[in-house]
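Let's have the full structure, built from the sequences with the hints guiding it.
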Amino acid sequence: MFAHGQSPPLRDLADYGGKRTDVVDFGSGTDYGDHKWFQDKPNRPPPQPPQPEYTPAPEVIAVNDSFEYALGSAPNVLYARYKQYGQVEFSELIDGLKELGFQGNMFTTTRAQALQTCSQLLKLPMEIDMQLIVMYLSGQVSRLRHFLDSETMWDDYPIPKFPVHPPQVSISLPDDCNTYHES
1 MFAHGQSPPL
11 RDLADYGGKR
21 TDVVDFGSGT
31 DYGDHKWFQD
41 KPNRPPPQPP
51 QPEYTPAPEV
61 IAVNDSFEYA
71 LGSAPNVLYA
81 RYKQYGQVEF
91 SELIDGLKEL
101 GFQGNMFTTT
111 RAQALQTCSQ
121 LLKLPMEIDM
131 QLIVMYLSGQ
141 VSRLRHFLDS
151 ETMWDDYPIP
161 KFPVHPPQVS
171 ISLPDDCNTY
181 HES
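In our numbering, the protein residues as written are 1 to 183.
Think of the hints as simulated: they come from the structure by calculation, not from any bench.
Hints may contain errors.
Stated by the list, open to error - Listed below are the simulated DSSO-like cross-link pairs for lysine-lysine, each with C-alpha atoms no more than 27 Å apart in a straight line:
#: 1; residue 1: K83; residue 2: K123
#: 2; residue 1: K161; residue 2: K83
#: 3; residue 1: K98; residue 2: K123
#: 4; residue 1: K161; residue 2: K123
To be verified - Restraint ranges, calculated between C-beta atoms of paired labels, are given here:
#: 5; residue 1: P158; residue 2: R81; range: 14 to 24 Å
#: 6; residue 1: P158; residue 2: E59; range: 56 to 66 Å
#: 7; residue 1: I133; residue 2: D65; range: 26 to 36 Å
#: 8; residue 1: Q87; residue 2: S150; range: 19 to 29 Å
#: 9; residue 1: D95; residue 2: Y54; range: 22 to 32 Å
We put the CB at the ideal spot given by N, CA and C, even for glycine.
Right, here's the structure in full:
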């Protein structure tokens with residue numbers, strides 16, 4: 001072995017980079033003083049012709065208008081259903097919006113209305129003891145928001161009000177229960 005502070009000879013070193021280890025190149029020998037750098041500009045490709053303006057089909061306009069109307073009504077409809085039946089389900093609307101978006105037919109106004117509806121849904125005055133309903137509604141809103149705008153971090157979700165510490169229950173046992181009896 002080698003003493004402390006000594007290294008093995010170069011011939012014993014592993015050749016990791018495929019370079020010769022017995023030669024040192026100091027980089028001299030080539031004079032680039034007369035070379036003119038960056039004189040020849042690279043050829044630029046010709047600009048792309050302008051794309052024709054997108055004109056949506058009448059069916060696409062009608063579908064977007066329907067979604068905008070449904071989204072504008074969603075908070076009131078959802079709250080009425082909650083009051084009557086205890087339901088907070090609107091996954092069909094979310095699935096329809098996602099399908100519209102995947103087809104490339106969602107207008108920016110429809111997207112903006114959907115994001116506004118999400119904020120309105122989370123502000124509905126649902127005074128409930130079952131926090132699972134609030135969590136379920138927040139999950140559906142989160143699912144729609146993630147589809148519409150996955151880069152924004154939303155912080156307006158309601159905080160569930162679960163009891164932090166369960167009530168302390170004291171059980172008193174009779175004195176003879178703590179004593180071990182042999183039979």
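Quick rundown of the hints versus the structure:
1. K83 - K123: holds, 15 Å
2. K161 - K83: Measuring from Cα to Cα gives roughly 20 Å; hence the hint holds.
3. K98 - K123: With a Cα-Cα distance of about 23 Å, the restraint between K98 and K123 holds, given a limit of 27 Å.
4. K161 - K123: Between K161 and K123 the Cα gap is close to 16 Å, so the pair holds against 27 Å.
5. P158 - R81: 14 to 24 Å: holds, 18 Å
6. P158 - E59: 56 to 66 Å: violated, 38 Å
7. I133 - D65: 26 to 36 Å: holds, 31 Å
8. Q87 - S150: 19 to 29 Å: holds, 28 Å
9. D95 - Y54: 22 to 32 Å: holds, 25 Å
The structure does not agree with numbered hint 6 stated previously, though it agrees with all others.
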